[in-house]
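First to last, the protein sequences are chains A and B.
Quick note on the working numbering: the first sequence kicks off at -1 and runs consecutively.
Quick note on the working numbering: the second sequence kicks off at 138 and runs consecutively.
Note that these hints are calculated values from the structure, not bench results.
Glycine is no exception: its CB is placed at the ideal position from the N, C-alpha and C atoms.
There's no promise every hint is true.
Cross-link-like lysine-lysine pairs, in silico, DSS-like; alpha carbons within 27 Å at most [said to hold, decoys possible]:
no.: 1; chain 1: B; residue 1: K636; chain 2: B; residue 2: K624
no.: 2; chain 1: A; residue 1: K92; chain 2: B; residue 2: K215
no.: 3; chain 1: A; residue 1: K119; chain 2: A; residue 2: K77
no.: 4; chain 1: B; residue 1: K762; chain 2: B; residue 2: K830
no.: 5; chain 1: A; residue 1: K71; chain 2: B; residue 2: K636
no.: 6; chain 1: B; residue 1: K762; chain 2: A; residue 2: K97
no.: 7; chain 1: A; residue 1: K119; chain 2: B; residue 2: K405
A few chain B residues that face chain A, going by a derived Cβ cut-off under 7 Å, partial list only [unchecked claim]:
no.: 8; residue: L143
no.: 9; residue: E145
no.: 10; residue: F147
no.: 11; residue: T184
no.: 12; residue: S188
no.: 13; residue: F262
no.: 14; residue: T302
no.: 15; residue: L307
no.: 16; residue: L310
Partial pick of chain A residues on the chain B-facing surface, computed with a CB cut under 8 Å [as the list claims (entries may be wrong)]:
no.: 17; residue: S14
no.: 18; residue: N57
no.: 19; residue: P108
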Amino acid sequence: MGSVLIVDDSATLRASVKFSLSEAGYAVEEAVDGRDALRKLQELQTRGGQVSLIISDINMPNMDGITFIREAKQMPSFKFIPVLILTTESQDSKKTEGKGAGAAGWLVKPFSNDQLIGVVKKFVR
Amino acid sequence: MDQSSLMETFITEATELLQDLEIDLVSLEDSGEDDELINRIFRAAHTIKGSAGVVGLTALSDFTHSMESVLDLVRDHKLVVTNDLVSVLLRAVDLLKEMIRVASEGGGDIDEREMQFVLTMLRRFLPAASVQESITEKEVPENREESKYAYFEIELALPETILETGTDPLMLLRELQDMGEIVELEVTTQDTPDFHSLDIYKLYLRWHLVIRTRELQSKVENVFVFVQDSSQIAIEDVTRFFKDGVDLRVADMKLGEILTDKGLVSKKDIEEVLSSQQKIGELLVQRGKVSEHDVRSALEKQLKSREIKKASTIRVDTDKLDKLVNLVGEMVIAVARVNQQQCSMLPGNKRSAQGAIESLERISRDLQEQVMRVRMVPVEGLFSRFHRVIRDLANDQHKLIRLELSGTETELDKNVVEQLSDPLKHLIRNAIDHGVELPEERVNAGKAEEATVKLCAYQQEGEIIIEIADDGQGIDHKSVLKKAIEKGFIRNDDTPNEKALYQFLFMPGFSTAKQVTEVSGRGVGLDVVKQNIDELRGTIEVISEVGKGTTFKIRLPLTLAIIDGMNVKVGEEIITIPLLSIVESIRPTKEAVKTVQGEGEVIDARGEYLPLVRLHSVFGIETDKTDPSEALVVIVESGQRRFGVLVDDMLGQQQAVIKSLEKNFHQVDGASGATILGDGTVSLILDIHGLEKMAFSSSQLDFGHRGSEAA
């Protein structure tokens, strides 16, 4: 089973995603914003690891989700990792923006456990 | 990590965020339009909203949503920061703090009035349209019966660059697979370039597939939610074209069309081959077998016939027919209702209405009959399948058997024909396994070497009879009797008549076969046959003579949708008894009702003692007519025996359109369905077999006692 990187500045959200995904058998890595996420990805790579899916919030301090996806897609080793963005219903434009940056999909907050697992299963089995 | 520590994380986080938010709001009032500051405030509200949703604090999340909407306007410079605005936002922060305090103490009441007030204040800042936006529309569920399968045809052309986003098409296909069964799958590889120009990061494949699923179309569409705007995906509900996983459209397609559809050959290929092909007429003329003139006139004749034929038949979806049958049924009921209402009319009106109603009744009956007839198909298709079954079994068992069919033009309801296939197959196997002897045994017994199995159908008084007869060794009474005693179905000294005795063959676990064969004789056969026939509201009996052969005789109603019923009254309830199972009705004298120790009550019906079943105690209906000599006893006949059913009174005969209880309510023991009476009340249709089982099976023996105590 692959591992998932959750990028969100909300500790609650990270904790909840980690809780649900661990229950379902996925390994979960955490990052608090885009910059932290890039650092985490590189750190994992030096240890020979790789995540199978990234779930990222958009509005975060230091580096937002869109910039993070653009940066990650620039790097050959991370280019093919699918990224899901977290949006709210009021942010329909964000879906388009995220897709433009290279996101593979999105998850609308708040989401249920089943919705989360259902979407993650589209990318990691 | 569990739910309670998740809540703790939230409370800590939210408390911190609210503290910052308060400070930031105050500085916002001083600094005015500071984008960085506004963004931080927005983010704090946004995070609280999201996190609250995560831990299930919906009220808190919804409330913050309104706050966020206002902040969103501020961020987009659509709303100017004023003293008034900051006051309202601070008041909202206070309320949020309070809500979080309540949540940290494990929940409780929040000041609903204060919340409504703050919400109203916040909404003042929102344009009218966005207020409505917060009332989210509920998704309207599509209509589909849970149990029904749907077929969706999916054309899937994903963008070439899809792999770059990290989306794996295989995952999408697997997700589809999880939803049901992929009944058709074709991959188009035509776009794949040759090896040297192949870009491994590009997707060249396209898919065409058909999935059979219980899911709704929206659920299937949801698989492609992330790729739909960049791909060409067509999902079409093709359920109407499919049956048992097979595309019925293919039946009318030419071979060439099927092959081109699959992308195996091109249209040009087909045309090329066709043009080089010679027509049969031309070939015959060429070889001098027939004159050109004769061929032309035969072709003309064929063309004319085809044209006429095309005009005189149309294909109709069976679903449409079912609906029609149902509607006609409803109409019959409505007419009965009108007829009933007639009694309450004034005498003058009544006379003039009567003629009209009578003709309406007649027309609707005719209409019903005609509609029923449309659903009927000849049994020929069903019967002729068995040639193969017999041939194979005969070969396997080294027996010589000839199948004789008769009455193949007899028509039966389409549904019935389909449901008859299994039981008939079983009976035929049974006949070959246990009935038909080996050729040498037959010769020794003075019979023809080749055995005959006859399958015949005919109509008799509103019933269709199907007989499966073999001229084999017949059934040995004694071994059946022995087995019945062994199994405890009857006592040692019982001497049931032949008809009753053979009914034991249909009991679960009853098999007299000395040898268990591949296909039958495991004791799990005839009871299933009987069950199948019961479901069709038919009966089955056995006629057998040792050395001469065995005949299974199946009686089936002409239609499944409507029965002729007798309405009887029990207490306040009206129950419908199928007319076909009623023998007669009697009002016994007090002396004619007797209680037999351990057996319950019996009544003396013209010298024959029949068990008595009290309908009011079976269904638990209150009634004061518990004395058979004051009420009525309806004598009914099931496949196995006759018995009396005690009812209060008989009300009259009426056609009943059967409504499934299972589909609309749940199964009721002793009732095979329900019907709606002329006045709109619901009446249960008595299931004679079910009632018999309830009343006479050994596990329900105390039922009989209860009955006798009541007497």
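Each hint tested on the structure:
This hinted pair checks out: B/K636 and B/K624 have alpha carbons roughly 18 Å apart, not beyond 27 Å. For the proposed pair A/K92 and B/K215, the alpha carbon gap of about 19 Å is at most 27 Å, so the pair holds. Only pairs whose Cα atoms come within 27 Å are accepted, and A/K119 paired with A/K77 is accepted, the gap being roughly 20 Å. This hinted pair checks out: B/K762 and B/K830 have alpha carbons roughly 24 Å apart, not beyond 27 Å.
Simply put, A/K71 and B/K636 have alpha-carbon atoms about 82 Å apart, too far for the 27 Å limit, and the pair is violated. The hinted pair formed by B/K762 and A/K97 fails the criterion: a straight-line CA distance of about 77 Å is larger than 27 Å. For the proposed pair A/K119 and B/K405, the alpha carbon gap of about 44 Å is over 27 Å, so the pair is violated. Evaluation of the B/L143 hint against chain A yields a held restraint, the C-beta minimum of about 6 Å falling below 7 Å.
With its C-beta approaching chain A no nearer than about 9 Å, B/E145 sits outside the 7 Å limit, and its interface hint is violated. Using the Cβ-Cβ criterion of 7 Å, the hint placing B/F147 at the interface with chain A is satisfied: the shortest such distance is roughly 4 Å. Interface hint status for B/T184: upheld, as the beta-carbon distance to the closest one in chain A is roughly 5 Å, under 7 Å. At about 4 Å, the closest approach between the beta carbon of B/S188 and any beta carbon in chain A falls short of 7 Å, and the interface hint on this residue holds.
Residue-level restraint check for B/F262 is violated (minimum Cβ-Cβ distance to chain A is 15 Å; threshold 7 Å). Given the 7 Å rule on beta carbons, the hint for B/T302 holds: about 4 Å separates it from the nearest Cβ of chain A. Given the 7 Å rule on beta carbons, the hint for B/L307 is violated: about 9 Å separates it from the nearest Cβ of chain A. Evaluation of the B/L310 hint against chain A yields a violated restraint, the C-beta minimum of about 11 Å exceeding 7 Å.
Because the beta carbon of A/S14 sits about 4 Å from the nearest beta carbon in chain B, less than 8 Å, this interface hint is met. The interface hint given for A/N57 is met, as the beta carbon of that residue sits about 5 Å from the closest beta carbon of chain B, less than 8 Å. Checking A/P108 against chain B by beta carbon gives a least distance of about 3 Å; that is within 8 Å, so the hint holds.
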